[in-house]
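Enquirer: Going line by line, the protein sequences match chains A and B.
Quick note: the first sequence uses my numbering, first residue 1, plus one each step.
Quick note: the second sequence uses my numbering, first residue 443, plus one each step.
Hints listed in this document are in silico derivations from the structure and should not be mistaken for laboratory results.
Yeah, the Cβ is synthetic: ideal placement off N, Cα and C, and Gly gets one too.
There could be a bad hint or two in this list.
[Stated by the list, open to error] Quick list of the computed label-pair ranges, beta carbon to beta carbon:
(1) B:A603 - A:D276: 48 to 56 Å
(2) B:D585 - A:G201: 19 to 27 Å
(3) B:T592 - A:P179: 16 to 24 Å
(4) B:D584 - A:A374: 28 to 36 Å
[As the list claims (entries may be wrong)] Mimicking SDA-like on lysine to any residue, the simulated pairs with C-alpha atoms at most 20 Å apart in a straight line are:
(5) B:K732 - B:S662
(6) B:K503 - A:G393
(7) A:K66 - B:D481
(8) B:K631 - B:D670
(9) A:K402 - B:Q589
(10) A:K222 - A:K293
(11) B:K571 - B:A530
(12) B:K831 - A:D143
(13) B:K503 - A:K318
(14) B:K618 - A:A260
(15) A:K89 - B:R484
(16) A:K318 - A:A260
(17) A:K396 - B:Q655
[What the hints assert, rightly or not] To be clear about the criterion: a stretch of chain A counts as covered by chain B if any three or more of its residues have a C-beta under 8 Å from a C-beta of chain B, and this derived list gives those stretches:
(18) 338-347
(19) 386-396
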Amino acid sequence: MTRISRAAPYLAVGVACGALAVAFVGGGASQATSSADAPASDNLALFARVFETVRDAYVDEPDENKMVVGAVNGMLASLDPHSTYFDAKALGEFQNTMKGEEFGGLGLEVMQEGDVVRVVSPIDDTPAARAGLMSGDIITAIDDTPVKGLSLKEAVDRMRGAAKTSVKLTVQRDGDKAPREFTIVREIIKVLPVRARLEGGGDIGYIRITQFNQETYDGLQKAMARFRGDPGSDKLKGYILDLRNNPGGLLTQSIEVVNAFVDHGEIVSTRGRALDQQQEYYARSGGDLSQRKPMVVLINGGSASASEIVSGALQDLKRATLIGTRSFGKGSVQTVLPLGEDGALKLTTARYYTPSGRSIQAKGIEPDIKVREAIPDDLKGKVDSKGEASLTGHLKNGADEKTGSEAYVPPDPAKDAQLIAAVDLLHGRTTAKAKDAASGDN
Amino acid sequence: MRRKVSYLALGVAIGAMAAGILPHALPQLTQSAFAAATDTYRQLNLFGDVFEKIRNDYVEKPDESKLIEAAINGMLSSLDPHSSYMDAKAYRDMQVQTNGEFGGLGIEVTQEDGLIKVVSPIDDTPASKAGVMSGDIITAIDDDSTQGMTLDQAVDKMRGAINSAVKLKITRGASKEVKEFKIVRDVIKVQSVRAKVDGDDIGYIRITQFTAQTGDGLKSAMDKLHTDLGDKLKGYILDLRNNPGGLLDQSIDVVNAFVDRGEIVSTRGRNADDAQRFNARPGGDLSGGKPMVVLINGGSASASEIVAGALQDHKRATLIGTRSFGKGSVQTIMPLGQDGALRLTTARYYTPSGRSIQAKGIDPDMVILEDVPADLQGKDDTKGEASLKGHLKNGDDEKTGSQAYVPADEKDDKQLVAAIDLLHGVKRADAAPPKPDSGPAAPAVAAPASGGDALPTPAASPAPDAPK
């Protein structure tokens with residue numbers, strides 16, 4: 001599930017489109033007087049031929065909008081797992097999520113994987129998290145309707161609904177013999193992207209970012225301001241930035257988050273085919289709110305996309321020590337391209353590169369100190385995120401691609417080995433566990 | 443569009459399918475196409491807009507012909523579960539399968555909730571010899587996980603040169619027992635008709651699918667039964683259980699081998715004047731009017747249902763078993779030059795009495811359930827056409843599938859035993875009378891044996907290794 005979106009300038013596609021319609025309806029390449037080159041018009045002629053055939057020969061009169069939406073979805077799904085079509089309603093919902101607005105739902109981040117819908121992560125303190133849904137779960141049916149054949153949007157629509165109504169999810173968990181069923185009562189889901197508290201006896205500022213929406217940087221600023229008041233700048237030993245199971249979000253917000261911890265240097269660059277996709281982003285001087293206090297970033301197999309921009313930048317700039325397990329590996333940028341009253345296209349338009357110039361696409365970010373959580377027996381083998389490299393049709397990145405890693409965070413902070421290792425490090429202690437892990441297969 | 447001529451050609455085209463060449467199946471585009479409604483312009487504008495945006499803005503230069511293929515496939519899948527696009531390779535594969543042979547393992551597979559599932563191993567193939575079983579879930583092929591694979595990709599990986607080996611990892615049954623098989627590929631011949639003598643005096647004929655050879659195969663089988671049994675021959679059992687269908691013209695030939703006159707099936711497209719009737723050729727009956735039983739179950743679909751429905755309406759046969767799948771639509775294969783072919787639902791078919799079995803299936807005259815082994819219980823049911831997303835609707839009384847389990851040992855095969863008893867004139871206590879709502883006694887749990895879009899159609903032959 002990609003959350004990076006930016007308004008990107010349009011090129012003059014409108015002109016070509018008008019001409020395309022003529023080509024379609026005429027049904028022949030000879031009619032295509034558009035700017036489309038020859039192969040494109042051949043291809044469009046083929047599509048037009050099939051469209052006409054269906055319109056003419058199908059057993060019933062077909063719904064042309066459904067046909068075209070089917071075609072658009074098919075085309076986008078063939079590109080990569082992160083390019084999708086939003087109709088007007090889905091676009092509104094996407095924009096709401098990015099604004100951090102409220103909706104009635106379960107609190108699940110999901111993504112489409114082939115024919116199935118997979119849980120990226122349940123959002124903290126939501127019905128889904130309390131019901132015990134887990135990262136990596138495959139949702140096979142919603143209210144007994146099989147998910148197979150539903151678009152991601154259709155699946156999400158079925159999960160959303162008025163607060164206090166209930167929905168039944170049938171879930172296949174990796175390694176389970178039989179599917180599990182969860183009946184969950186919907187609530188108003190308020191997307192609070194930043195949560196903060198003191199850790200390590202009160203001298204470490206712990207900040208968890210659950211996603212990068214338009215509220216994220218504000219939330220971070222407020223959290224850091226609070227720490228300056230309590231325990232106060234003198235007492236504060238350092239920060240823990242927890243990006244575990246954070247699926248990403250807006251690129252601009254990830255840049256702001258990095259800037260809150262560094263004062264200069266490149267944060268990220270993007271490269272695509274279109275000229276406007278070649279961008280380099282630098283820290284604004286004066287943006288650093290951290291007083292250069294030591295920091296640890298926590299990542300795991302559920303840290304994706306904008307989370308990886310943040311952890312990659314802070315690692316390359318040697319600003320933070322990364323603790324946890326390898327991140328997801330989503331190194332692409334999607335742009336939301338409006339289609340007028342027909343919704344919008346979320347299209348992969350660029351790859352991004354960390355300040356040292358590496359692409360983490362299908363590789364992920366390796367932590368500086370690898371620390372694994374103790375996984376309860378009944379969850380063993382079921383909490384791995386398979387990562388970008390395992391997604392059908394993912395953008396390739398050389399021969400040394402790597403799949404995901406564990407995405408389990410113990411609900412009890414006292415049992416959270418990664419968090420404990422972070423606190424110990426900031427307190428100047430190195431635990432035996434962390435040492436072992438660091439010298440392991442990291 | 444000029445439809446009338448095209449439609450006559452389409453009818454011929456269905457018959458010509460076996461040859462795999464349909465030069466004129468695509469209706470010619472004419473000036474009338476310009477009369478498209480404003481809405482059509484808007485829809486096509488939307489498509490053109492998206493196509494242009496991808497062309498200009500996608501992170502990599504897209505392969506435009508692949509984009510269009512994916513668009514066509516997406517468009518067709520949005521129509522119903524049986525309309526799809528075949529790329530050049532899939533189309534070639536389909537033609538090969540319709541007629542002949544290929545290098546493979548001999549497994550019919552389907553996709554269910556993203557899992558690759560064995561519908562059944564084909565008799566006398568490397569897969570059945572190795573012990574692959576109906577219901578097995580294939581989790582890895584040559585160590586590549588099947589998760590995220592399409593059915594086509596999985597089938598492609600299983601096929602290959604004769605004498606080459608392939609490694610399959612499967613999980614079986616409720617216990618999820620993991621097994622590994624190393625199987626050497628062989629020539630898989632699509633032998634669609636098998637016959638033998640049952641109960642000393644009954645001609646048992648099993649049709650596994652309707653390929654181009656099925657009509658001829660049936661004729662040879664019946665000739666042989668006549669030779670072997672002569673006057674002793676009491677009657678026939680035609681076993682269509684787990685037969686997913688195939689070519690329409692072959693199903694008509696099969697019916698004709700048992701009836702000498704009358705309508706066999708009719709098809710109707712969007713316009714009333716597209717209707718076609720297929721009647722028995724007098725002199726086609728090879729059965730000498732001897733009694734017959736047809737066996738059906740939840741895995742009997744499409745062309746099987748044409749045969750079962752016609753023989754039931756003609757009162758020519760007694761149907762024994764459980765309710766059939768319920769696929770009452772006809773697909774036409776339309777080649778797109780070197781670009782593969784469309785498989786498009788173009789008509790519904792109707793049995794001689796005028797009923798459509800779409801999403802309803804055929805109820806047998808005698809419902810007999812098989813005893814399903816404990817570890818397969820609840821997993822042997824097909825959910826039937828009515829459970830497929832986007833299926834063509836057929837009124838309010840749609841019905842889902844039923845059992846699709848056939849015991850490996852004939853002695854345990856209650857449906858077969860009932861058929862033999864009936865032909866021998868033995869009365870039975872356990873045969874339920876036909877009831878409108880008879881059919882699956884076992885509830886349909888999450889395991890359609892051969893559902894999904896993997897069911898072959900009257901126009902497209904079923905494909906061992908790929909009933910698609």
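Enquirer: All the hints need checking, so say for each whether the structure fits it.
Expert: Now for the hints, and whether the structure bears them out:
Roughly 49 Å separates the CB atoms of B:A603 and A:D276, a value that falls within the hinted 48 to 56 Å. The hinted range of 19 to 27 Å is not satisfied by B:D585 and A:G201, whose Cβ atoms lie roughly 50 Å apart. Hint check: B:T592 to A:P179, Cβ distance near 22 Å, so the stated range 16 to 24 Å holds. At roughly 35 Å, the beta carbons of B:D584 and A:A374 sit within the given window of 28 to 36 Å.
Between B:K732 and B:S662 the alpha-carbon distance is near 17 Å, which keeps this suggested pair within the 20 Å criterion. Taking the CA atoms of B:K503 and A:G393, the gap is near 15 Å; set against the 20 Å cutoff, the hint holds. With a C-alpha separation of about 12 Å, the suggested pair A:K66 and B:D481 falls inside the 20 Å cut-off, and the hint holds. Restraint check for B:K631 and B:D670: the C-alpha separation of about 25 Å exceeds 20 Å, so the hint is violated.
This hinted pair checks out: A:K402 and B:Q589 have alpha carbons roughly 17 Å apart, not beyond 20 Å. With a C-alpha separation of about 17 Å, the suggested pair A:K222 and A:K293 falls inside the 20 Å cut-off, and the hint holds. Annotation: proposed proximity of B:K571 to B:A530 is violated, straight-line Cα distance about 32 Å (limit 20 Å). About 14 Å separates the Cα atoms of B:K831 and A:D143, which keeps this hinted pair within 20 Å; it holds.
A C-alpha spacing of about 35 Å is found between B:K503 and A:K318, which places the hinted pair above 20 Å, so the restraint is violated. For a cut-off of 20 Å, the pair hint linking B:K618 to A:A260 is broken: about 51 Å separates their Cα positions. Under the criterion of a C-alpha separation no larger than 20 Å, the hint pairing A:K89 with B:R484 is consistent with the structure, at around 18 Å. For the given pair, A:K318 sits about 15 Å from A:A260 by alpha-carbon distance, which is consistent with the 20 Å threshold.
With a CA separation close to 45 Å, the supplied pair A:K396 and B:Q655 exceeds the 20 Å bound. Look at the segment 338-347 of chain A against chain B: 4 of its residues bring a Cβ nearer than 8 Å to a Cβ of that chain, three or more, so the hint holds. Counting residues of the segment 386-396 of chain A whose CB lies closer than 8 Å to any CB of chain B gives 4, which reaches the minimum of 3, so the coverage claim holds.
Hint compliance for this structure: hints 2, 8, 11, 13, 14, 17 are not met, and every other hint is.
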